[in-house]
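A.B. asks: Each chain, letter by letter, is given below.
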Amino acid sequence: DAGITQSPRHKVTETGTPVTLRCHQTENHRYMYWYRQDPGHGLRLIHYSYGVKDTDKGEVSDGYSVSRSKTEDFLLTLESATSSQTSVYFCAISGLAPSEQYFGPGTRLTVT
Amino acid sequence: QQQVKQSPQSLIVQKGGISIINCAYENTAFDYFPWYQQFPGKGPALLIAIRPDVSEKKEGRFTISFNKSAKQFSLHIMDSQPGDSATYFCAATISNTGKLIFGQGTTLQVKP
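Protein sequence lines, in the order shown, are assigned to chains A and B.
Numbers given in the working numbering equal positions in the first sequence, counted from 1, plus 2.
Numbers given in the working numbering equal positions in the second sequence, counted from 1, plus 14.
You may find that some hints are simply not true.
Unchecked claim - DSSO-like, lysine-lysine: derived pairs with alpha carbons at most 27 Å apart:
| id | chain 1 | residue 1 | chain 2 | residue 2 |
| --- | --- | --- | --- | --- |
| 1 | B | Lys85 | A | Lys13 |
| 2 | A | Lys72 | B | Lys85 |
| 3 | B | Lys29 | B | Lys85 |
| 4 | B | Lys71 | A | Lys59 |
| 5 | A | Lys72 | B | Lys113 |
| 6 | B | Lys56 | A | Lys59 |
| 7 | B | Lys113 | B | Lys125 |
| 8 | B | Lys85 | B | Lys113 |
As the list claims (entries may be wrong) - Listed next, with one range per pair, are the computed distances between beta-carbon atoms:
| id | chain 1 | residue 1 | chain 2 | residue 2 | range |
| --- | --- | --- | --- | --- | --- |
| 9 | B | Lys125 | A | Asp56 | 39 to 49 Å |
| 10 | A | Thr17 | B | Ile26 | 14 to 24 Å |
| 11 | A | Thr7 | B | Glu73 | 38 to 48 Å |
| 12 | B | Thr111 | A | Asp64 | 13 to 23 Å |
I should point out that these hints are in silico values taken from the structure, not numbers from a laboratory.
By construction, the Cβ of each residue, glycine as well, lies at the ideal position given by its N, Cα and C atoms.
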């Protein structure tokens, strides 16, 4: 998984609680991405980062925020989790070529 | 205009046969078209990619065919093997943005 770890790998939480997912890379790559995967939708970009403290919104950013204080870590936060955010979340990284992306192992999040 | 449409949703092929998965896009600004392979419980893995200046790219048993005028591209898996059984995603992007737009995915089963 290209030197990418995600934590936790599985999480069950209740509606309305805050949740933070962590992506950690050892490749020193500039670009990092958060996607969600849902049946029938493929993968959809939530947020991405093009450098420390530089982030931007993706296709489905509502209800999510991100932070990147170090090159190696990219955090995804659900401020108040909803059942519609039940999904598998993948982190990806890329180096010189932003579109050549390599994915982590994923985090399965269930919001009850 | 940002959509990528992928078909079929599922595919069953006999061992040794050819698997063909098709994708269509609308945005003529897209200039990078990767395919990803995903096994259950794993993150997507970059398989092969093509740029619109060529009509075909081959890597081992995997070939991408690209038709710029029709705005379509396809993945051909020659001599399909049971180990190829996985979900395949096409994607498209404007290469310097890193914002991948994924198709809905195709679940391939190769029967022994």
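A.B. asks: Work down the list of hints and note, for each, if the structure agrees.
C.D. replies: A quick look at each hint next to the structure:
1. Between lysine 85(B) and lysine 13(A) the CA atoms are separated by roughly 40 Å; this puts the pair beyond 27 Å, and the hint is violated.
2. Restraint check for lysine 72(A) and lysine 85(B): not satisfied, since their Cα atoms lie roughly 40 Å apart, outside the 27 Å limit.
3. Between lysine 29(B) and lysine 85(B) the CA atoms are separated by roughly 30 Å; this puts the pair beyond 27 Å, and the hint is violated.
4. A distance of roughly 32 Å separates the Cα atoms of lysine 71(B) and lysine 59(A); the hinted pair therefore is violated under the 27 Å criterion.
5. Taken as a hint, the lysine 72(A) and lysine 113(B) pair is honoured in the structure, with Cα atoms around 22 Å apart against an allowance of 27 Å.
6. Between lysine 56(B) and lysine 59(A), the direct Cα distance comes to roughly 25 Å. Compliance with the 27 Å bound is thereby established for this hinted pair.
7. Distance check on the hinted pair: lysine 113(B) and lysine 125(B) sit about 35 Å apart at the alpha-carbon level, beyond 27 Å; violated.
8. Between lysine 85(B) and lysine 113(B), the direct Cα distance comes to roughly 19 Å. Compliance with the 27 Å bound is thereby established for this hinted pair.
9. Distance hint for lysine 125(B) and aspartate 56(A): a CB-CB separation of about 48 Å, consistent with the stated range 39 to 49 Å.
10. Taking 14 to 24 Å as the suggested C-beta distance range, the pair threonine 17(A) and isoleucine 26(B) does not conform, at roughly 39 Å.
11. Range check, threonine 7(A) to glutamate 73(B): about 28 Å between beta-carbon atoms, so the 38 to 48 Å window is missed.
12. At roughly 20 Å, the beta carbons of threonine 111(B) and aspartate 64(A) sit within the given window of 13 to 23 Å.
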